[in-house]
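**Student:** So the protein sequences, as listed, match chains A and B.
Under the numbering used here, think of the first position of the first sequence as 1, with each following residue one higher.
Under the numbering used here, think of the first position of the second sequence as 1, with each following residue one higher.
Just so you know, these hints were derived from the structure itself, not from any lab.
Hints may contain errors.
It does not matter which identical chain is used: a pair holds within one copy or between any two.
Below, simulated PhoX-like cross-link-like pairs (lysine-lysine); rule was C-alpha separation at most 20 angstroms, straight line [to be verified]:
| # | residue 1 | residue 2 |
| --- | --- | --- |
| 1 | Lys108 | Lys172 |
| 2 | Lys131 | Lys9 |
| 3 | Lys62 | Lys171 |
| 4 | Lys2 | Lys86 |
| 5 | Lys57 | Lys108 |
| 6 | Lys76 | Lys109 |
Only a predicted model underlies this, so the values are computations on that prediction, with no experimental measurement involved.
Protein chains: 2
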Amino acid sequence: MKNVRELAKRRKTVRKFSGRKVSLEDILYCIETAKEAPSGMNAQPWRFLIISDREKKALIRKVCEEGERKFHERLKGELGGWVKEKGITWEKEFLESAPFLVLVFSNKKFRYFIQSVWLSIGYFLLALEEKGLATATYTPPNLEDIKKLLNIPDNFRLETILPVGYSADEKKKEPRNTLEEVVFLEEWDK
Amino acid sequence: MKNVRELAKRRKTVRKFSGRKVSLEDILYCIETAKEAPSGMNAQPWRFLIISDREKKALIRKVCEEGERKFHERLKGELGGWVKEKGITWEKEFLESAPFLVLVFSNKKFRYFIQSVWLSIGYFLLALEEKGLATATYTPPNLEDIKKLLNIPDNFRLETILPVGYSADEKKKEPRNTLEEVVFLEEWDK
């Protein structure tokens, strides 16, 4: 396989998926990778809910889009401009068209629960790229509504919904800063 | 090279480092990997400060240990028990013995800045493992003191200090939950 840097460079956010079937084994491979991440006190505060049921995906889409509609009405400033420029709307078709949704939850009772879970999502994304699969780290604005829909216990927080499938998205990867722009040697002011 | 899951499984937290020299190129390879991560609005809110200067490392250790001493005096409950059991004290020798410290900062002005930066740290850790290098995701209790010491601008938050070197740590990797313990299929209650 490619090396880690090549995987990272190749990986891009994908919001359009082909109809090609995805094997559950590949999803589980990525979670097996993610669950090896370090975490504060080794609490492993992550939980992964895999959904492929059509009706359930449609319901999740509906609830997310309700939240998105309200969110987009209030949008302004830098974020509003960016969203417009990128052609991002309240519609989240990918929540239905992706063969799988992987919902990632964190257990709020542990220290550094957000940090730990997102580090593990980094592992997940690279494993997914290795398998030739794609996703977007989509976080709906109305987390509590989704938790209610899916009967998620109070102490868990929905961190993200990862729609997983094979890419049919022709958009290029967003450009990244150069190494020089993000690295300082020995002191902050180079 | 190994596949991503194997890298993730092999990787463990390391707090003791050998004297073996580390090449700056390897550190930069890991940051080149980390900076490819996705981020909210593609803001790329991460900055990496690489420190190898002996005196600077000693100063950072001193300030961290001052914070740790106070923190350990107040420790109790579950965290206190865990810290004791693991033999973790206020001493952070690894901040001086690791050939490199990589301090990771996030720009607080962007949405999802913590999430984005920790996802990129996940990328960093896997690249590091690929290079045969080791680290611990160490977060000092007195972040502001370190920022002051290093003249870090207000809008940046210190997320973690990664001591990087070759492992001389014989401790085994902390065990992880099974896949069944962290995955739900179609609904939360299996």
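**Student:** Take the hints in turn and mark each one as holding or not.
**Tutor:** Results for each hint:
| no. | hint | verdict |
| --- | --- | --- |
| 1 | Lys108 / Lys172 | neither (36 angstroms within a copy, 27 angstroms between copies) |
| 2 | Lys131 / Lys9 | both (15 angstroms within a copy, 17 angstroms between copies) |
| 3 | Lys62 / Lys171 | neither (25 angstroms within a copy, 49 angstroms between copies) |
| 4 | Lys2 / Lys86 | neither (30 angstroms within a copy, 37 angstroms between copies) |
| 5 | Lys57 / Lys108 | neither (25 angstroms within a copy, 33 angstroms between copies) |
| 6 | Lys76 / Lys109 | between (34 angstroms within a copy, 16 angstroms between copies) |
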